[in-house]
Structures are given as C-alpha cells and as structure tokens.
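Q: As a plain string of letters, each chain reads:
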Amino acid sequence: MAKNESNEGRWVDERLASLEPGAEWKPDPERGLSRLHDRRRAARRHTIEWVVAGMAGAAACVALVVTMSPGACARPLGCSAGGSHPAVQTSPGPAPVAPPPPQTPAPVPAAAVAFKQFGLPTAPVLCEIYTDYECPSCAALYRTVVPVLMERYVATGKVRLLHRDFPLPQHPYARLAARYANAAGETGHYEEVVNQIFRTQSTWASDGDLSSQVAQVVSPEAMDKIRELVARDSHLDDTVMADMSMAMRDQIRQTPTLVFVVDGKRQPLPGLPQLEMLETYLDQLVASAGRK
Amino acid sequence: MQTGETSFDFDEFFHQHYARIARTVARVVGDPMRAEDLAVEAFWKLWRHREAHGEKAGGWVYRTAIRLALNDLRGAKRRSHYESQAGPALVTANPEEQRAAAEEREQVRSVLAAIGERNAELLLLRSSGLAYNDVAAALDLNPSSVGVMISRAQQAFRKEYVKQYGEK
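These protein sequences, in sequence, are chains A and H.
Counting with numbering that gives the first Met the number 0, you get residues 0 to 291 for the letters of the first sequence.
Counting with numbering that gives the first Met the number 0, you get residues 0 to 167 for the letters of the second sequence.
Honestly, the hints are just simulated from the structure, not real lab data.
Each statement offered as a hint is correct.
Chain H stretches covered by chain A per the calculated footprint, using a threshold of three residues with CB under 8 Å from any CB of chain A:
(1) 15-25
(2) 29-38
(3) 41-55
(4) 150-156
A few chain A residues facing chain H, derived, Cβ under 10 Å:
(5) Leu15
(6) Pro28
(7) Arg34
(8) Arg38
(9) Arg39
Note that beta-carbon positions come from the ideal geometry of N, C-alpha and C, so glycine has one too.
The shape of chain A in the complex, shown without the other chains:
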C-alpha cells in the first residue's frame, strides 16, 4: 500500500516536473519591484485625488449648510465662513456653494510678516495655513498635524509654512486671539503664543480671557508689552486684514484650509487633513516641484 502511494507520488512528481521553466529564465526582482512601486504610487495618487475631491465636496456641503444656518460651526471638518463675515466683502447675492477648483493660478500673494513664516525661503513648497483661533479643528490641526509638518518638512527644508489669520464672524474672540498672537509676534514670541492659544482654546473661548493664558508662556516683561500692543496698536490688525484679503482671492470658505503653493500654482485643501494622507501628498508635491 505504502509502496503504491510512493510510486503514485513519484509518477505525479514526474508529470509536474514537466512544467518546470528552463533554468536560463531568471525572473528579474528589480524590474518586478519597480513595477510594484509604480503601481503603489499610482494607487496613492488616485486615492489622494479622491480624498481631495471628497474634501472639497464635503466643504461645499458644509458651506451650503452654513449658508442656510449662519453661525454654525461644523466641527468634524472645520469651521465655515458664513455669509455675514464683516471683513470679507461678499457679493449681495446668494453665497456660492461650489468648491474652489483643486488647482488655481496664483493670485499675487498678500504681504506676510516675517514672524508668521517658518522655514527656508528656498523650500520647494509653500504651505499657507488659514486658521481661526476659536475653531476646534484648527486647534486639532495645530495639536496633531503642524508639529509633524514642522519636524519632517519645515526643519528639513522641504516646506515653508505661513500662518494666515481667518477669524470667522461666529467666533466672538477669534479676532482678539489673533491680536494677541500678532502682538506676540511683534515681541518675538509668535510660535509659543500661537500654540498656547490653540492649546487653551476651550478655556478662554468661554470668556475671552486670553491674557491669563498667554501670560503662562512668556515672561512678565514680554506680557506687559503684548498687553500694551493689544490695547493700543492700531496697526496690529493690518496683517489680519492682509490675510483676509488673500483668503478672498483664494476663495477660502472654511477653517482650517491649507493652501499649497508649488511652481506658482495654488492648491487649496479645505478641512482638517488626515496626517498620513497629507504626508503622502506633500511628498508628491516636493518631488514634483520644479519639474514643470
């Protein structure tokens, strides 16, 4: 019985051996891996296109909802600009609901003060971040995404970061928070104060007491100077107005919105991005910069 099985096994093995490809054929792992990498890149590109399109679509939906109920703040994606923003001179007709095109020619950039910029001027990609200090998604962006961008892209010279203020009308203390941040910028404490304002958002958003929160991260002398600027400097809002003007040209409809500037093209990405997706997107932008 066992011998029969053994013979049968050998008989089958002989038949299967006829399938053996010739020894002269050598599968090429390098070519195979290259094809696999190409496929992976294509798939990621495809996914990103869908995500960007989806986010733009979602932003359009949020804008539509907000237009119908002014003052609302859609937290999962971000906060949307209502139709009654005092600083944004919208047309008197119905608010447009179509999302901005995924890629638009660059308008002339509004002047940005130096303290709102981070990174090398030679970085191939500029990332402009429109935020409202009272927007929960903006706080989440600064808590989870911006530190990674700073470490992996800004510090390595790949990306230059620019903060742009976009205080929304439904947030009563957002403009005051921007004044504190910009006053801190004038005294050389912009980054730590911006982070502190976002970090303590839930505390000061109830009563507007930004002073006591900002005082925790700067010296008493610096705090005195900041308070003085917030109280008396009539030019402190100039940078905010410049950012709002730029937001108009970028057709920003919600916060946060990231605008990527590569080779003169501006590509807005509305909402709070998923970090992994953002990194993939940035890697592609950095790789493609200068090729066109």
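On the provided structure of chain A, position chain H as indicated by the hints.
A: Just chain H now, kept in the frame of chain A:
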C-alpha cells in the same frame, strides 16, 4: 519600504521570494512574462493586505500567487496562446520532442485545473520545493495532516489524468 508599525521590510521580502514565486507561477501558466505579471500581482495584494505582513507573509503570498495562477489557467484561450510559444526548457529539443513536451504540459495543466483548487495548491506548493510545514502554513492547514492531504491530491491527480488521457 517599511510597512505599518511592524519591522516588516517589504522590499527585502520581495527580493527573497520573488524569483521563486514567479517560477512557481510559471509552472502553472507557462508563459514567463505572464508569470511575472501574476507574481507582481500577488505581491501587490500582499502590500495592500497589511494584516498578512510579518512571519506569515511567505505562506500568504505563495497561496495568493498560486490561486492567481490557477484562475489564469482556467482561461482556455489564454492557455492555448501560451502553449503556442516555445517553452524555455525546450530550446535544445528537436521539433518532435518539443511537440510531445508541449502536449505533456498542456495535459498536466488541464488536470491541475480539473482536480479542485485545494488539491492543485497542495501539489504545486509541494512540487515547488516547500516543506510540509511551509505548505501547511501557506494553506493554513494542520501540519500533521498535510502528508495525507498531499497523498490524496496525488491520487486525485492520477485518477483525473487517467480519466482524460488514459494510462501512460
């Protein structure tokens, strides 16, 4: 490329297994170019199936590659197309030997396509040089029963072969 939170090095894994898997697939589909296509496809599926990354990746990608190959084999039109091409092992044989060998390969593949996926998987994995334990891991089987299952697969192969082409 490193994947996920584990230390699984996908590129290194690819280099270790690609050639062997491509050759295993080539046994089924006959055409080297098609075999490389299917091997890349199997690795692509592995890349996307992160849960399989790690120590079970080898078995997973072998099983996937063979299933892709068997599915491909079932396309009769493609199979006849492949067989119209000269097999790389036969370049030194005379025309009659080439014809006979091509006929033999056609018959073996036809039998493999007819004996059920599990039986074909067992025979192909075993004949590609995998040990019983590796075959068991690839097909998620109890290692102690693999020997019996391979034996049954061999019986099924011979029975089907005789049924289709008679005793040789």
